[in-house]
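Peer 1: One-letter residues, chain by chain:
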Amino acid sequence: MAPFDPVSAAIGGALIGLAATLLMLLTGRIAGISGILGDLVDLAGGDRTWRLAFVVGLIAAPLVFAATGNTLRVPAMPGWAIAVTAGLLVGFGTRLGSGCTSGHGICGVARLSPRSIAATLTFMIVAMLVVAITRHAM
Amino acid sequence: MRIFAAFLCGLIFGLGLVISGMTDTMRVLGFLDVLAIPKGMWDPTLVIVMVAALAVSLPGFLLARRRPRPLLADAAAWPTRTDIDPPLLAGAALFGAGWGLVGLCPGPAIANLATLSPAVILFVAAMIAGMAAHDVWRRGAAKRVLFAPDG
Chain A
1 MAPFDPVSAA IGGALIGLAA TLLMLLTGRI AGISGILGDL VDLAGGDRTW
51 RLAFVVGLIA APLVFAATGN TLRVPAMPGW AIAVTAGLLV GFGTRLGSGC
101 TSGHGICGVA RLSPRSIAAT LTFMIVAMLV VAITRHAM
Chain B
1 MRIFAAFLCG LIFGLGLVIS GMTDTMRVLG FLDVLAIPKG MWDPTLVIVM
51 VAALAVSLPG FLLARRRPRP LLADAAAWPT RTDIDPPLLA GAALFGAGWG
101 LVGLCPGPAI ANLATLSPAV ILFVAAMIAG MAAHDVWRRG AAKRVLFAPD
151 G
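If you're matching them up, the sequences are chains A and B in order. FYI, our numbering numbers position 122 of the first sequence as 122, with every residue one higher than the one before it. FYI, our numbering numbers position 143 of the second sequence as 143, with every residue one higher than the one before it.
Derived from the structure by calculation, the hints contain no laboratory data. Small disclaimer: the values here were computed from a predicted structure and weren't measured. Hints should not be assumed to be uniformly reliable.
Reference listing, derived: stretches of chain B covered by chain A, where coverage requires no fewer than 3 residues with Cβ under 8 Å from a Cβ of chain A [as the list claims (entries may be wrong)]:
| no. | region |
| --- | --- |
| 1 | 13 to 23 |
| 2 | 62 to 71 |
| 3 | 76 to 85 |
| 4 | 132 to 145 |
The beta carbon of each residue, even a glycine, is placed where N, CA and C say it ideally should be.
Work out the full structure, taking the sequences as your base and the hints as a guide.
Peer 2: Laid out in structure tokens, this is it:
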């Protein structure tokens with residue numbers, strides 16, 4: 001496990017907050033990644049160009065990070081069956097629950113939205129329960 | 001300009017995820033592993049990231065609220081709902097289950113596509129399939145309600 005680095009965590013977090021603020025100030029949109037991606041791939045959706053641009057920026061970020069002398073690490077991933085199951089749950093769940101860690105966790109909590117606070121507490125607690133089971137009970 | 005602004009925001013957002021360590025699944029799982037707290041093995045990174053992000057977005061959104069309109073668009077699309085309904089909580093629970101299994105939520109999953117990891121690509125493909133499945137199911141349900149004789 002990489003050692004805890006509070007300075008990097010704070011700088012990175014502030015950048016995430018800055019990006020969410022700028023997207024709202026400039027384009028009037030909520031930086032909710034599941035909403036942006038979901039509406040981008042939705043065949044019945046419209047106004048795709050800015051969503052595509054945001055997603056391209058998101059994918060470009062690690063490349064910019066690597067190009068500026070940093071090491072880009074490939075994340076540890078489980079086997080394909082668990083990866084697919086988890087992906088399906090995240091995709092379906094974020095659409096049904098109207099958001100994820102960014103839309104609810106960062107933007108919604110910053111707006112003090114009761115819906116987003118309830119959603120954030122729910123996905124945090126469930127994820128902690130799942131990790132408690134997979135890491136300590138199996 | 002609006003398109004470039006969206007690209008720039010995606011880039012800054014992604015850099016924030018990479019720099020803070022949120023694209024590292026082990027870090028995220030290390031935070032979610034609350035049973036590690038008494039053993040002194042818990043990773044508090046996500047708390048710092050959340051607090052730092054909110055320290056910027058909370059005043060930032062207050063500022064945005066006070067402006068009549070965004071700089072590059074006609075109107076701001078502020079969410080309006082305040083009700084806590086079953087789909088919200090059920091969806092959040094399903095998402096939490098998937099998040100806990102791998103340690104990837106949508107933002108870091110997309111950013112990690114840059115690593116060309118086959119497992120990440122598979123995860124994102126399944127995530128998009130899950131989103132599409134939800135939209136098809138929801139539209140089907142809406143149609144059934146629309147055409148049901150007794151409403």
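Peer 1: Is the coverage entry for the region 132 to 145 of chain B by chain A consistent with the three-residue Cβ rule at 8 Å?
Peer 2: holds (count 6)
Peer 1: Do at least three Cβ atoms from the region 76 to 85 of chain B come closer than 8 Å to Cβ atoms of chain A?
Peer 2: Result for this restraint: holds, n = 8.
Peer 1: At a Cβ distance under 8 Å, does chain A reach at least three residues of the region 62 to 71 of chain B?
Peer 2: holds (count 6)
Peer 1: If you look at each residue in the region 13 to 23 of chain B, do at least three have a Cβ nearer than 8 Å to any Cβ of chain A?
Peer 2: Contact hint for the region 13 to 23 of chain B vs chain A: holds, 11 residues under 8 Å.
Checked against the numbered hints listed earlier, the structure breaks none of them; every hint is satisfied.
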